[in-house]
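Peer 1: Position one of the sequence shown corresponds to residue 1 (my numbering), numbered consecutively onward.
Take the hints with a grain of salt, since some may be wrong.
[Unchecked claim] 30 Å max Cα-Cα, derived BS3-like pairs, lysine-lysine:
| # | residue 1 | residue 2 |
| --- | --- | --- |
| 1 | Lys208 | Lys254 |
| 2 | Lys38 | Lys75 |
| 3 | Lys208 | Lys70 |
| 4 | Lys233 | Lys74 |
| 5 | Lys208 | Lys83 |
| 6 | Lys83 | Lys271 |
| 7 | Lys254 | Lys271 |
[Unchecked claim] Computed spacing ranges between beta-carbons, pair by pair:
| # | residue 1 | residue 2 | range |
| --- | --- | --- | --- |
| 8 | Lys240 | Asn150 | 35 to 43 Å |
| 9 | Lys63 | Thr140 | 23 to 31 Å |
| 10 | Phe156 | Val69 | 43 to 51 Å |
| 11 | Gln282 | Ser159 | 30 to 38 Å |
| 12 | Pro306 | Glu117 | 39 to 47 Å |
| 13 | Thr249 | Ala60 | 23 to 31 Å |
| 14 | Ser223 | Ser57 | 18 to 26 Å |
| 15 | Arg52 | Asp286 | 36 to 44 Å |
| 16 | Ala312 | Ala60 | 18 to 26 Å |
| 17 | Phe118 | Asp172 | 16 to 24 Å |
| 18 | Gln179 | Arg52 | 34 to 42 Å |
| 19 | Glu117 | Glu39 | 56 to 64 Å |
| 20 | Ile158 | Glu39 | 53 to 61 Å |
| 21 | Glu117 | Arg67 | 40 to 48 Å |
Honestly, the hints are just simulated from the structure, not real lab data.
For clarity, every value in this text was computed on a predicted model and none was experimentally measured.
Note that the Cβ used here is the ideal one computed from N, Cα and C, for glycine as well.
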Amino acid sequence: MEEQKENPGWQHYRISDQETNGKTSAASSNDFSDPIYKEIAITNGYINRMTREELRSKLAECKLETRGVKDVLKKRLKNYYKKQKLMQKEHISGDSCYDYICVVDFEATCEEGNPPEFVHEIIEFPVVLVNTHTLEIEDTFQQYVKPEINPKLSNFCISLTGITQDIVDKADTFPQVLQNVVEWMRQRELGTKYSYSMLTDGSWDMSKFLNIQCRLSRIKYPSFAKKWINIRKSYGNFYKVPRNQTKLTIMLEKLGMNYDGRPHSGLDDSKNIARIAIRMLQDGCDLRVNERIHGGQLMTVSSSAPLEGAPAPQMPRYRN
(Lines of atoms letter the chains of each structure in order from A and count residues from 1; the text may use other names and numbers.)
(Lines give C-alpha, C1' and ligand atoms only; values in the text may rest on other atoms or scores of the structure.)
Protein backbone atom coordinates (compact mmCIF):
# COMPACT_ATOMS: atom_id res chain seq x y z
CA MET A 1 0.00 0.00 0.00
CA GLU A 2 1.27 3.45 -0.90
CA GLU A 3 2.33 5.62 1.97
CA GLN A 4 -0.08 8.54 2.35
CA LYS A 5 1.02 12.06 3.30
CA GLU A 6 -0.35 13.25 6.61
CA ASN A 7 -2.36 16.41 7.12
CA PRO A 8 0.26 18.91 8.36
CA GLY A 9 -2.21 20.11 10.97
CA TRP A 10 -1.88 16.80 12.81
CA GLN A 11 1.57 17.79 14.05
CA HIS A 12 0.31 20.98 15.77
CA TYR A 13 -2.12 19.42 18.24
CA ARG A 14 -1.15 19.33 21.91
CA ILE A 15 -2.80 16.45 23.71
CA SER A 16 -2.77 15.02 27.21
CA ASP A 17 -1.78 11.56 28.36
CA GLN A 18 -5.46 10.81 28.88
CA GLU A 19 -6.28 11.62 25.28
CA THR A 20 -3.54 9.29 24.04
CA ASN A 21 -4.63 6.49 26.39
CA GLY A 22 -1.40 6.91 28.34
CA LYS A 23 0.79 6.14 25.35
CA THR A 24 3.26 8.97 26.06
CA SER A 25 3.89 7.88 29.64
CA ALA A 26 4.03 4.23 28.53
CA ALA A 27 6.65 5.11 25.97
CA SER A 28 8.87 6.86 28.51
CA SER A 29 8.52 4.02 31.01
CA ASN A 30 9.74 1.62 28.32
CA ASP A 31 12.57 4.00 27.40
CA PHE A 32 11.08 4.66 23.97
CA SER A 33 13.07 7.87 23.63
CA ASP A 34 12.79 8.04 19.83
CA PRO A 35 10.76 11.12 18.83
CA ILE A 36 8.68 8.88 16.57
CA TYR A 37 6.67 7.72 19.60
CA LYS A 38 5.75 11.31 20.40
CA GLU A 39 4.60 11.72 16.81
CA ILE A 40 2.47 8.57 17.14
CA ALA A 41 0.92 9.89 20.38
CA ILE A 42 0.11 13.25 18.78
CA THR A 43 -1.48 11.50 15.79
CA ASN A 44 -3.52 9.27 18.13
CA GLY A 45 -4.79 12.33 19.99
CA TYR A 46 -5.93 13.91 16.75
CA ILE A 47 -7.69 10.69 15.72
CA ASN A 48 -9.45 10.53 19.10
CA ARG A 49 -11.05 13.92 18.33
CA MET A 50 -12.32 12.99 14.87
CA THR A 51 -15.98 12.38 14.09
CA ARG A 52 -17.06 9.17 12.41
CA GLU A 53 -17.40 10.94 9.07
CA GLU A 54 -13.92 12.47 9.42
CA LEU A 55 -12.54 9.03 10.22
CA ARG A 56 -14.23 7.50 7.17
CA SER A 57 -12.93 10.31 4.97
CA LYS A 58 -9.36 9.88 6.21
CA LEU A 59 -9.56 6.08 5.83
CA ALA A 60 -10.79 6.47 2.26
CA GLU A 61 -7.92 8.86 1.58
CA CYS A 62 -5.52 6.20 2.86
CA LYS A 63 -7.29 3.58 0.71
CA LEU A 64 -8.41 1.65 3.80
CA GLU A 65 -11.72 -0.03 4.60
CA THR A 66 -14.30 2.53 5.78
CA ARG A 67 -16.88 0.16 7.25
CA GLY A 68 -17.25 -0.43 10.99
CA VAL A 69 -18.29 1.29 14.19
CA LYS A 70 -16.41 4.41 15.33
CA ASP A 71 -14.07 2.64 17.77
CA VAL A 72 -13.07 0.17 15.06
CA LEU A 73 -12.40 3.01 12.60
CA LYS A 74 -10.21 4.82 15.16
CA LYS A 75 -8.21 1.67 15.87
CA ARG A 76 -7.77 1.02 12.14
CA LEU A 77 -6.47 4.53 11.44
CA LYS A 78 -4.18 4.62 14.48
CA ASN A 79 -2.59 1.31 13.54
CA TYR A 80 -2.12 2.40 9.95
CA TYR A 81 -0.14 5.51 10.91
CA LYS A 82 1.76 3.70 13.64
CA LYS A 83 2.77 0.95 11.23
CA GLN A 84 3.84 3.46 8.59
CA LYS A 85 6.04 5.37 11.03
CA LEU A 86 7.63 2.30 12.61
CA MET A 87 8.31 0.73 9.23
CA GLN A 88 10.16 3.90 8.25
CA LYS A 89 12.38 3.35 11.29
CA GLU A 90 12.70 -0.38 10.50
CA HIS A 91 11.42 -1.28 13.95
CA ILE A 92 8.99 -3.76 12.47
CA SER A 93 8.88 -5.71 9.23
CA GLY A 94 5.14 -5.34 8.67
CA ASP A 95 4.75 -9.10 8.32
CA SER A 96 2.30 -11.29 10.21
CA CYS A 97 3.35 -13.70 12.94
CA TYR A 98 2.68 -16.68 10.63
CA ASP A 99 2.64 -17.26 6.88
CA TYR A 100 -0.76 -18.97 7.06
CA ILE A 101 -3.70 -19.28 9.42
CA CYS A 102 -5.93 -22.36 9.33
CA VAL A 103 -9.46 -21.46 10.42
CA VAL A 104 -11.48 -24.37 11.82
CA ASP A 105 -15.11 -24.42 12.97
CA PHE A 106 -16.47 -27.91 13.60
CA GLU A 107 -20.09 -28.95 13.46
CA ALA A 108 -21.04 -31.72 15.89
CA THR A 109 -24.01 -33.89 16.76
CA CYS A 110 -26.41 -32.16 19.14
CA GLU A 111 -29.86 -32.30 20.67
CA GLU A 112 -32.21 -29.49 21.58
CA GLY A 113 -31.17 -28.08 24.95
CA ASN A 114 -27.89 -30.05 24.75
CA PRO A 115 -28.44 -32.34 27.77
CA PRO A 116 -25.21 -32.62 29.83
CA GLU A 117 -24.94 -36.38 29.29
CA PHE A 118 -25.09 -36.06 25.48
CA VAL A 119 -21.86 -37.05 23.69
CA HIS A 120 -20.95 -34.64 20.88
CA GLU A 121 -19.32 -36.16 17.77
CA ILE A 122 -17.79 -34.12 14.96
CA ILE A 123 -19.84 -34.38 11.75
CA GLU A 124 -18.18 -31.66 9.66
CA PHE A 125 -14.46 -30.87 9.47
CA PRO A 126 -13.75 -27.65 7.54
CA VAL A 127 -10.44 -25.80 7.19
CA VAL A 128 -10.09 -22.36 5.58
CA LEU A 129 -6.52 -21.43 4.66
CA VAL A 130 -5.73 -17.71 5.01
CA ASN A 131 -2.56 -16.35 3.41
CA THR A 132 -1.45 -13.61 5.83
CA HIS A 133 0.76 -11.94 3.21
CA THR A 134 -1.86 -11.58 0.46
CA LEU A 135 -4.67 -11.29 3.06
CA GLU A 136 -6.85 -13.65 1.06
CA ILE A 137 -8.51 -17.03 1.52
CA GLU A 138 -6.20 -19.23 -0.53
CA ASP A 139 -7.85 -22.63 -0.19
CA THR A 140 -10.50 -24.60 1.67
CA PHE A 141 -11.00 -28.18 2.87
CA GLN A 142 -14.31 -29.73 3.87
CA GLN A 143 -15.39 -33.25 4.70
CA TYR A 144 -18.36 -34.62 6.55
CA VAL A 145 -17.84 -37.25 9.25
CA LYS A 146 -19.85 -40.35 10.11
CA PRO A 147 -20.77 -40.41 13.83
CA GLU A 148 -20.44 -43.79 15.54
CA ILE A 149 -21.74 -43.39 19.10
CA ASN A 150 -25.03 -41.73 18.04
CA PRO A 151 -25.18 -42.49 14.30
CA LYS A 152 -28.72 -41.12 13.90
CA LEU A 153 -28.88 -37.32 13.80
CA SER A 154 -31.59 -35.55 15.77
CA ASN A 155 -34.10 -33.44 13.87
CA PHE A 156 -32.75 -30.45 15.80
CA CYS A 157 -29.21 -31.14 14.55
CA ILE A 158 -30.36 -31.52 10.94
CA SER A 159 -32.33 -28.28 11.13
CA LEU A 160 -29.48 -26.37 12.81
CA THR A 161 -26.58 -27.49 10.62
CA GLY A 162 -28.28 -28.42 7.34
CA ILE A 163 -26.39 -31.73 7.45
CA THR A 164 -28.73 -34.60 6.58
CA GLN A 165 -28.69 -38.22 7.69
CA ASP A 166 -27.86 -39.31 4.14
CA ILE A 167 -24.75 -37.10 4.11
CA VAL A 168 -23.22 -38.56 7.29
CA ASP A 169 -24.23 -42.13 6.41
CA LYS A 170 -22.04 -41.88 3.28
CA ALA A 171 -19.16 -40.10 5.05
CA ASP A 172 -15.87 -41.52 6.36
CA THR A 173 -15.29 -42.03 10.05
CA PHE A 174 -13.25 -39.44 11.97
CA PRO A 175 -9.80 -41.13 11.82
CA GLN A 176 -9.96 -41.28 8.02
CA VAL A 177 -11.13 -37.66 7.73
CA LEU A 178 -8.34 -36.53 10.08
CA GLN A 179 -5.84 -38.40 7.91
CA ASN A 180 -7.20 -36.55 4.88
CA VAL A 181 -6.82 -33.22 6.71
CA VAL A 182 -3.21 -34.04 7.61
CA GLU A 183 -2.43 -34.93 3.99
CA TRP A 184 -4.12 -31.75 2.73
CA MET A 185 -2.01 -29.65 5.11
CA ARG A 186 1.17 -31.50 4.17
CA GLN A 187 0.59 -30.83 0.48
CA ARG A 188 0.50 -27.13 1.29
CA GLU A 189 3.84 -27.46 3.15
CA LEU A 190 2.46 -26.13 6.41
CA GLY A 191 4.93 -26.46 9.27
CA THR A 192 7.79 -27.21 6.86
CA LYS A 193 8.19 -24.48 4.25
CA TYR A 194 5.56 -22.18 5.77
CA SER A 195 4.78 -21.25 9.37
CA TYR A 196 1.15 -21.45 10.42
CA SER A 197 -1.30 -21.48 13.31
CA MET A 198 -4.76 -22.86 13.85
CA LEU A 199 -7.55 -20.35 14.60
CA THR A 200 -11.00 -20.92 16.09
CA ASP A 201 -14.06 -18.91 17.14
CA GLY A 202 -13.84 -19.59 20.88
CA SER A 203 -12.27 -22.41 22.90
CA TRP A 204 -14.70 -25.25 22.35
CA ASP A 205 -13.66 -26.49 18.91
CA MET A 206 -10.27 -27.72 20.12
CA SER A 207 -10.63 -28.08 23.90
CA LYS A 208 -14.01 -29.80 23.78
CA PHE A 209 -15.11 -31.14 20.38
CA LEU A 210 -11.73 -32.32 19.06
CA ASN A 211 -10.64 -33.51 22.49
CA ILE A 212 -13.80 -35.61 22.96
CA GLN A 213 -13.71 -36.92 19.38
CA CYS A 214 -10.12 -38.14 19.68
CA ARG A 215 -11.01 -40.05 22.83
CA LEU A 216 -14.06 -41.59 21.17
CA SER A 217 -11.97 -42.59 18.13
CA ARG A 218 -9.21 -43.88 20.45
CA ILE A 219 -6.51 -41.73 18.89
CA LYS A 220 -4.13 -39.31 20.55
CA TYR A 221 -4.82 -35.61 20.30
CA PRO A 222 -3.04 -34.24 17.17
CA SER A 223 0.06 -32.15 17.96
CA PHE A 224 -0.70 -29.52 15.30
CA ALA A 225 -3.93 -28.57 17.12
CA LYS A 226 -2.51 -28.27 20.66
CA LYS A 227 -2.18 -24.47 20.33
CA TRP A 228 -4.46 -22.05 18.54
CA ILE A 229 -5.64 -18.48 18.17
CA ASN A 230 -9.00 -17.87 19.87
CA ILE A 231 -10.21 -15.00 17.70
CA ARG A 232 -12.78 -13.92 20.28
CA LYS A 233 -9.99 -13.14 22.74
CA SER A 234 -7.88 -11.47 20.05
CA TYR A 235 -10.82 -9.35 18.86
CA GLY A 236 -11.81 -8.31 22.39
CA ASN A 237 -8.27 -7.36 23.36
CA PHE A 238 -7.48 -5.55 20.11
CA TYR A 239 -10.66 -3.47 19.79
CA LYS A 240 -11.12 -3.15 23.58
CA VAL A 241 -14.62 -4.59 23.75
CA PRO A 242 -16.19 -6.91 26.37
CA ARG A 243 -16.44 -10.63 25.69
CA ASN A 244 -20.21 -10.46 25.23
CA GLN A 245 -19.55 -8.48 22.05
CA THR A 246 -17.31 -11.13 20.48
CA LYS A 247 -19.90 -13.49 19.01
CA LEU A 248 -19.44 -14.15 15.31
CA THR A 249 -22.41 -12.12 14.07
CA ILE A 250 -21.61 -9.20 16.41
CA MET A 251 -17.94 -9.09 15.34
CA LEU A 252 -19.00 -9.00 11.70
CA GLU A 253 -21.56 -6.27 12.40
CA LYS A 254 -19.08 -4.08 14.32
CA LEU A 255 -16.61 -4.41 11.43
CA GLY A 256 -19.30 -3.36 8.96
CA MET A 257 -19.76 -6.77 7.36
CA ASN A 258 -22.71 -9.12 6.85
CA TYR A 259 -22.67 -12.89 7.31
CA ASP A 260 -22.13 -14.71 4.00
CA GLY A 261 -23.71 -18.13 3.58
CA ARG A 262 -25.66 -20.39 5.93
CA PRO A 263 -25.17 -20.00 9.71
CA HIS A 264 -24.00 -23.24 11.38
CA SER A 265 -22.55 -24.57 8.16
CA GLY A 266 -19.02 -25.37 9.33
CA LEU A 267 -17.42 -24.21 6.09
CA ASP A 268 -19.49 -21.01 5.87
CA ASP A 269 -18.81 -20.20 9.53
CA SER A 270 -15.08 -20.78 8.94
CA LYS A 271 -15.07 -18.48 5.90
CA ASN A 272 -16.77 -15.71 7.88
CA ILE A 273 -14.32 -16.13 10.76
CA ALA A 274 -11.52 -15.90 8.18
CA ARG A 275 -12.99 -12.61 6.92
CA ILE A 276 -12.81 -11.23 10.46
CA ALA A 277 -9.20 -12.43 10.82
CA ILE A 278 -8.25 -10.77 7.53
CA ARG A 279 -9.87 -7.49 8.58
CA MET A 280 -8.03 -7.61 11.92
CA LEU A 281 -4.72 -8.17 10.14
CA GLN A 282 -5.52 -5.24 7.86
CA ASP A 283 -6.23 -3.14 10.95
CA GLY A 284 -2.79 -3.94 12.36
CA CYS A 285 -3.55 -6.77 14.79
CA ASP A 286 -0.80 -9.35 15.30
CA LEU A 287 -2.90 -12.50 15.52
CA ARG A 288 -0.91 -14.97 17.58
CA VAL A 289 -1.54 -18.11 19.63
CA ASN A 290 -3.38 -17.35 22.87
CA GLU A 291 -4.73 -20.74 23.98
CA ARG A 292 -3.52 -24.33 24.23
CA ILE A 293 -4.55 -27.70 25.55
CA HIS A 294 -2.32 -29.58 27.97
CA GLY A 295 -3.22 -32.84 29.65
CA GLY A 296 -6.74 -32.44 28.33
CA GLN A 297 -7.10 -29.05 30.05
CA LEU A 298 -7.61 -25.64 28.42
CA MET A 299 -4.85 -23.14 29.24
CA THR A 300 -4.08 -19.53 28.30
CA VAL A 301 -0.91 -18.65 26.38
CA SER A 302 0.65 -15.34 27.43
CA SER A 303 1.28 -12.72 24.76
CA SER A 304 4.87 -12.56 26.07
CA ALA A 305 5.46 -16.26 25.35
CA PRO A 306 7.96 -17.07 22.56
CA LEU A 307 6.29 -17.05 19.15
CA GLU A 308 6.05 -20.55 17.70
CA GLY A 309 4.20 -21.85 14.68
CA ALA A 310 2.37 -25.18 14.75
CA PRO A 311 4.44 -28.28 13.91
CA ALA A 312 4.22 -30.13 10.61
CA PRO A 313 0.96 -32.11 10.77
CA GLN A 314 1.15 -35.83 11.50
CA MET A 315 -1.54 -38.43 11.98
CA PRO A 316 -1.66 -39.20 15.72
CA ARG A 317 -1.13 -42.73 17.00
CA TYR A 318 -3.98 -44.87 18.24
CA ARG A 319 -4.45 -45.15 22.00
CA ASN A 320 -3.78 -48.47 23.71
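Peer 1: Regarding the pair Lys233 and Lys74, is the alpha-carbon distance no greater than 30 Å?
Peer 2: 19 Å, holds
Peer 1: Range first: 36 to 44 Å. Now tell me if the beta carbons of Arg52 and Asp286 are that far apart.
Peer 2: 26 Å, violated
Peer 1: Indicate whether the distance between the beta carbons of Glu117 and Glu39 respects the range 56 to 64 Å.
Peer 2: 60 Å, holds
Peer 1: Verify the CB-CB distance for Pro306 and Glu117 against the hinted window 39 to 47 Å.
Peer 2: 41 Å, holds
Peer 1: Range hint 23 to 31 Å: satisfied by the CB atoms of Lys63 and Thr140?
Peer 2: 28 Å, holds
Peer 1: Given a hint of 35 to 43 Å, does the C-beta separation of Lys240 and Asn150 actually sit inside it?
Peer 2: 42 Å, holds
Peer 1: Would the pair Lys38 and Lys75 pass a check requiring their Cα atoms to be no farther apart than 30 Å?
Peer 2: 18 Å, holds
Peer 1: Hint check: Lys83 vs Lys271, CA-CA at most 30 Å. Holds or violated?
Peer 2: 27 Å, holds
Peer 1: Taking 53 to 61 Å as the stated bounds, is the beta-carbon spacing between Ile158 and Glu39 within them?
Peer 2: For Ile158 and Glu39 the Cβ distance comes to about 58 Å; the hint holds.
Peer 1: Given a hinted range of 18 to 26 Å, is it respected by the beta-carbon distance of Ser223 and Ser57?
Peer 2: Violated - the Cβ-Cβ distance for Ser223 and Ser57, about 48 Å, lies outside 18 to 26 Å.
Peer 1: Taking the Cβ atom of Gln179 and the Cβ atom of Arg52, is their distance within the range 34 to 42 Å?
Peer 2: 50 Å, violated
Peer 1: Taking 40 to 48 Å as the stated bounds, is the beta-carbon spacing between Glu117 and Arg67 within them?
Peer 2: 44 Å, holds
Consistency note: the structure conflicts with the earlier hints numbered 3, 5, 10, 14, 15, 16 and 18.
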